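Number of protein chains: 2
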Amino acid sequence: MEKLDELYKKLNIMRKYSHALGIMSFDFETIAPENARENESETMDYFANELFKISNSDEMKELIVDLYAEKDKLSALDAILVDNLYENYLKTKNITPEFDLERNKVYSKAYIDWLSAKGNKDFTLFKDSLQAVIDTQKKEISLRENALPNLYDNLLNDFEPQILSDTLDNFFSELKDGLLSILGKIQASDHAIRGDFLTRYVPIHKQEKFSKYLLNLNGYDFKRGALTTTEHPFTSDIAKNDARVTTHYYENLFVSNIYSVIHEGGHAIFMQNEPDEDYEHFINDSITNGMHESVSRFYENVIGRSKEYIHLIYPEFIKQFGDEFGDVSEKELYEAVNIVKPSLIRTEADEVTYGLHIIIRYEMEKLMLSGKIKVEDAPKTWNKLYKEYLGVDVPDDSVGILQDVHWTGAFGYFPSYAIGNAYNAIYTKKMAESFDYKKAISDGNISLISDWLKENVFKNANRKKPKDWLYSITGETLSPKPFLEYLNNKYAEIYKF
Amino acid sequence: MEKLDELYKKLNIMRKYSHALGIMSFDFETIAPENARENESETMDYFANELFKISNSDEMKELIVDLYAEKDKLSALDAILVDNLYENYLKTKNITPEFDLERNKVYSKAYIDWLSAKGNKDFTLFKDSLQAVIDTQKKEISLRENALPNLYDNLLNDFEPQILSDTLDNFFSELKDGLLSILGKIQASDHAIRGDFLTRYVPIHKQEKFSKYLLNLNGYDFKRGALTTTEHPFTSDIAKNDARVTTHYYENLFVSNIYSVIHEGGHAIFMQNEPDEDYEHFINDSITNGMHESVSRFYENVIGRSKEYIHLIYPEFIKQFGDEFGDVSEKELYEAVNIVKPSLIRTEADEVTYGLHIIIRYEMEKLMLSGKIKVEDAPKTWNKLYKEYLGVDVPDDSVGILQDVHWTGAFGYFPSYAIGNAYNAIYTKKMAESFDYKKAISDGNISLISDWLKENVFKNANRKKPKDWLYSITGETLSPKPFLEYLNNKYAEIYKF
Numbered sequence: 039m040e041k042l043d044e045l046y047k048k049l050n051i052m053r054k055y056s057h058a059l060g061i062m063s064f065d066f067e068t069i070a071p072e073n074a075r076e077n078e079s080e081t082m083d084y085f086a087n088e089l090f091k092i093s094n095s096d097e098m099k100e101l102i103v104d105l106y107a108e109k110d111k112l113s114a115l116d117a118i119l120v121d122n123l124y125e126n127y128l129k130t131k132n133i134t135p136e137f138d139l140e141r142n143k144v145y146s147k148a149y150i151d152w153l154s155a156k157g158n159k160d161f162t163l164f165k166d167s168l169q170a171v172i173d174t175q176k177k178e179i180s181l182r183e184n185a186l187p188n189l190y191d192n193l194l195n196d197f198e199p200q201i202l203s204d205t206l207d208n209f210f211s212e213l214k215d216g217l218l219s220i221l222g223k224i225q226a227s228d229h230a231i232r233g234d235f236l237t238r239y240v241p242i243h244k245q246e247k248f249s250k251y252l253l254n255l256n257g258y259d260f261k262r263g264a265l266t267t268t269e270h271p272f273t274s275d276i277a278k279n280d281a282r283v284t285t286h287y288y289e290n291l292f293v294s295n296i297y298s299v300i301h302e303g304g305h306a307i308f309m310q311n312e313p314d315e316d317y318e319h320f321i322n323d324s325i326t327n328g329m330h331e332s333v334s335r336f337y338e339n340v341i342g343r344s345k346e347y348i349h350l351i352y353p354e355f356i357k358q359f360g361d362e363f364g365d366v367s368e369k370e371l372y373e374a375v376n377i378v379k380p381s382l383i384r385t386e387a388d389e390v391t392y393g394l395h396i397i398i399r400y401e402m403e404k405l406m407l408s409g410k411i412k413v414e415d416a417p418k419t420w421n422k423l424y425k426e427y428l429g430v431d432v433p434d435d436s437v438g439i440l441q442d443v444h445w446t447g448a449f450g451y452f453p454s455y456a457i458g459n460a461y462n463a464i465y466t467k468k469m470a471e472s473f474d475y476k477k478a479i480s481d482g483n484i485s486l487i488s489d490w491l492k493e494n495v496f497k498n499a500n501r502k503k504p505k506d507w508l509y510s511i512t513g514e515t516l517s518p519k520p521f522l523e524y525l526n527n528k529y530a531e532i533y534k535f
Numbered sequence: 039m040e041k042l043d044e045l046y047k048k049l050n051i052m053r054k055y056s057h058a059l060g061i062m063s064f065d066f067e068t069i070a071p072e073n074a075r076e077n078e079s080e081t082m083d084y085f086a087n088e089l090f091k092i093s094n095s096d097e098m099k100e101l102i103v104d105l106y107a108e109k110d111k112l113s114a115l116d117a118i119l120v121d122n123l124y125e126n127y128l129k130t131k132n133i134t135p136e137f138d139l140e141r142n143k144v145y146s147k148a149y150i151d152w153l154s155a156k157g158n159k160d161f162t163l164f165k166d167s168l169q170a171v172i173d174t175q176k177k178e179i180s181l182r183e184n185a186l187p188n189l190y191d192n193l194l195n196d197f198e199p200q201i202l203s204d205t206l207d208n209f210f211s212e213l214k215d216g217l218l219s220i221l222g223k224i225q226a227s228d229h230a231i232r233g234d235f236l237t238r239y240v241p242i243h244k245q246e247k248f249s250k251y252l253l254n255l256n257g258y259d260f261k262r263g264a265l266t267t268t269e270h271p272f273t274s275d276i277a278k279n280d281a282r283v284t285t286h287y288y289e290n291l292f293v294s295n296i297y298s299v300i301h302e303g304g305h306a307i308f309m310q311n312e313p314d315e316d317y318e319h320f321i322n323d324s325i326t327n328g329m330h331e332s333v334s335r336f337y338e339n340v341i342g343r344s345k346e347y348i349h350l351i352y353p354e355f356i357k358q359f360g361d362e363f364g365d366v367s368e369k370e371l372y373e374a375v376n377i378v379k380p381s382l383i384r385t386e387a388d389e390v391t392y393g394l395h396i397i398i399r400y401e402m403e404k405l406m407l408s409g410k411i412k413v414e415d416a417p418k419t420w421n422k423l424y425k426e427y428l429g430v431d432v433p434d435d436s437v438g439i440l441q442d443v444h445w446t447g448a449f450g451y452f453p454s455y456a457i458g459n460a461y462n463a464i465y466t467k468k469m470a471e472s473f474d475y476k477k478a479i480s481d482g483n484i485s486l487i488s489d490w491l492k493e494n495v496f497k498n499a500n501r502k503k504p505k506d507w508l509y510s511i512t513g514e515t516l517s518p519k520p521f522l523e524y525l526n527n528k529y530a531e532i533y534k535f
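Going down the list, the protein sequences come from chains A and B. Just add 38 to the spot in the first sequence (first one is 1) and you have the working numbering. Just add 38 to the spot in the second sequence (first one is 1) and you have the working numbering.
The hints are simulated quantities; they were obtained by calculation from the structure and are not laboratory data. Note that this is a predicted model, so its numbers are computed, not measured. Check the hints yourself; a few may be wrong.
No copy labels: a pair is met if it fits in one copy or bridges any two.
Simulated pairs of lysine-lysine, BS3-like, Cα-Cα distance not exceeding 30 Å [said to hold, decoys possible]:
no., residue 1, residue 2
1, Lys412, Lys247
2, Lys176, Lys357
3, Lys99, Lys54
4, Lys143, Lys54
5, Lys247, Lys422
6, Lys223, Lys91
7, Lys497, Lys129
8, Lys176, Lys111
9, Lys492, Lys467
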């Protein structure tokens, strides 16, 4: 098929742009000098816009429409590719290169204003940019040919197709009740957990060595990746054979790095185990955020915070971190990494309260998008919700509404984190039916788990939409119940309720 | 002037490509995972070729020719820009995008073959690529409109205009005699220098901290740069406000990193102090390699290996590297970093024998380019020259002819290193007339030196060709005498001859 060849040629060129942009973005977040960032950001905007021009060119549009009309003649993977492209075509066909450049500038400015507002603990420095982001996202939706009637659903759909606000309202309502109930039982428990050693000094080079040990243990392949540092840890899927992990070392909070590395390593292991054919057919980036978070949070929590994993790594922990931790038993380490305590910061939250942080953001997004609250009043609402759901007072906006980067351009992203937890709780039940994964952890056979994930979870992640994917693995649909059950069992044992 | 505006527009776009390529190349050399390199290299080739297409487009050629004809109407800096572009236009106007892509592939393949040959200590794995590189460079020269009659001069001219083989033959002949004479006196000396502590273990994190101390001390600005690791250290002029230094830490050879960092830091300090107007007028990368090496080797040797500098850094050296070096006196450290001993590896050579390594390469390049020796016989000639000039036997090609990367695409580069030494010896005399720079070093006032360099050495480096530049600073022309005098004085004191 000549048109398919033509499409592949263009996709190959677009992939070169994405590759270059991936490298530049990684550079920007990890090593670019302070005074070089503005310039680097402009260069990225330029190439992103060039890429947009190719992807949205008349020739490309024609190819997509023509191939979509002949979809039944295509192979299964090519049909998925053309479906993806057609859906994106409907979203973007009315967007001009000028508007594309404009929106990128709005997001870049929002990022800079957000950094400054956070640094100065002054929300008013971000207010106008936040409004501009909301306006830009609305404008973008108004240009879509396939817009959904509910404004916010369009943004949710960008990150997690098939899981829209009707579903989410029920999901979060049940999740919230369940989490608050477990939290209540924990707070009523009089079991004391030792946490004093968590703030002991561990120099960066020791943390770095331990991080590499953990990544190797979990099956991360350093020949197809790298580990380096950044301000806000992320994983970058730069190209085939290039999935990189970043972290942030705090010398007086070693646990922060450990779980950051395990979490990001989970994303990277997912990337390193996508089927080769998905890459060859240009559908390798079709995984949703919820699916991705299900895997990263599986590694972080289901594996990383399990009794069996602590049993596995404890000897190496003592060996590498030295005598300063000689007074800490395996059980004390396990309990310490599972302390539940309502707090201000999402990324530092425990497994139980984490979901409440997400629910607050979900509610805030709906309120702001619909105009029910004005952006200038957003901090007030934020603080009110934190008091109501988590019982904490927000001392200033830098640890409140300004803590996360997402609202500089990605409304609708937050729910993915909570959905991810629910997904993995559902497929972990299925895994447990196949083999004793807890034994695999304490035996150090993490590869048994990765193999199962590869065959069951990773294989169709690019090829199916979330609901169909989850059903194909488990025969079930999205529900917070298995996750709540997992939490209840785990913390009943720890907190003895 | 409309045409100048048009030119600037195109140069701005070309600068974005160079910026992207600079970031990718830095990524490739510092962090790109092993299995991702081939792909990354292909993406770089793609964008390099796109850049070539723009720079060599009919529109661009027309603009250059037209502006060159009206050069007298341009400002001084724009006239330099147009001169540079016109010279390059004559070199490249007959090169097709296909040939450009082809030559990049030859160089990329040569690099891969070289790595493999070096790793396997087997020159035959590199032989064919070496021949292909030579053939490609010859073919490229045959396409030039402004080719010089002597083949090798064209390659020399790419790196150091105005300093061609006639000049160099005399220069190197005098340099060789002088170096051999000094070396003879050193070898005849019975002064013993202690070097036992040079191989003591210093962990990487300590070396890294000390490297940052040295760079800060020398005036390197980390807000406009970064320090990271690589296999073969280099400095990268990625963009305005972005001059990055790389190094390689050997835990049992801390001195290697110290002088690598000071050397590369010298390049970067040069880059960080180019006049802003040079950047605005797109002449900021016009500095030759010889000029650049004059500065980096000035920092490495004239400053870094001086008695005064060792006096300055000794207390911090003892403080940071700890008790293991408590038995090493300041004088012993000074002498140890100045041990002269003929050896196999150029990059590890001392100040005296370094030039002999360069002369061998210069002679080899002329022999290979002219066809007087065949590439398969090159190792034999190499080994013969090492025995003759340095008195050392080459055990295998990985530490012989395969030690340097340059012949994978940059014939004519090596002489710059030796020329750089000669340049800085000439302008250091001039500096010494203005102020006591040795006192400035021991007082820790390195900025007095950078200020002088900025005003005298850096200012016109983009604007003048080497001979004119050196004359404008010193009123002198290239000669090895001041460098030989500097060496003789320094080593007569150390080795007491």
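- Query: Against which earlier hints does the structure fall short, listed by number upward?
  - Reply: 1, 2, 5, 6 and 8
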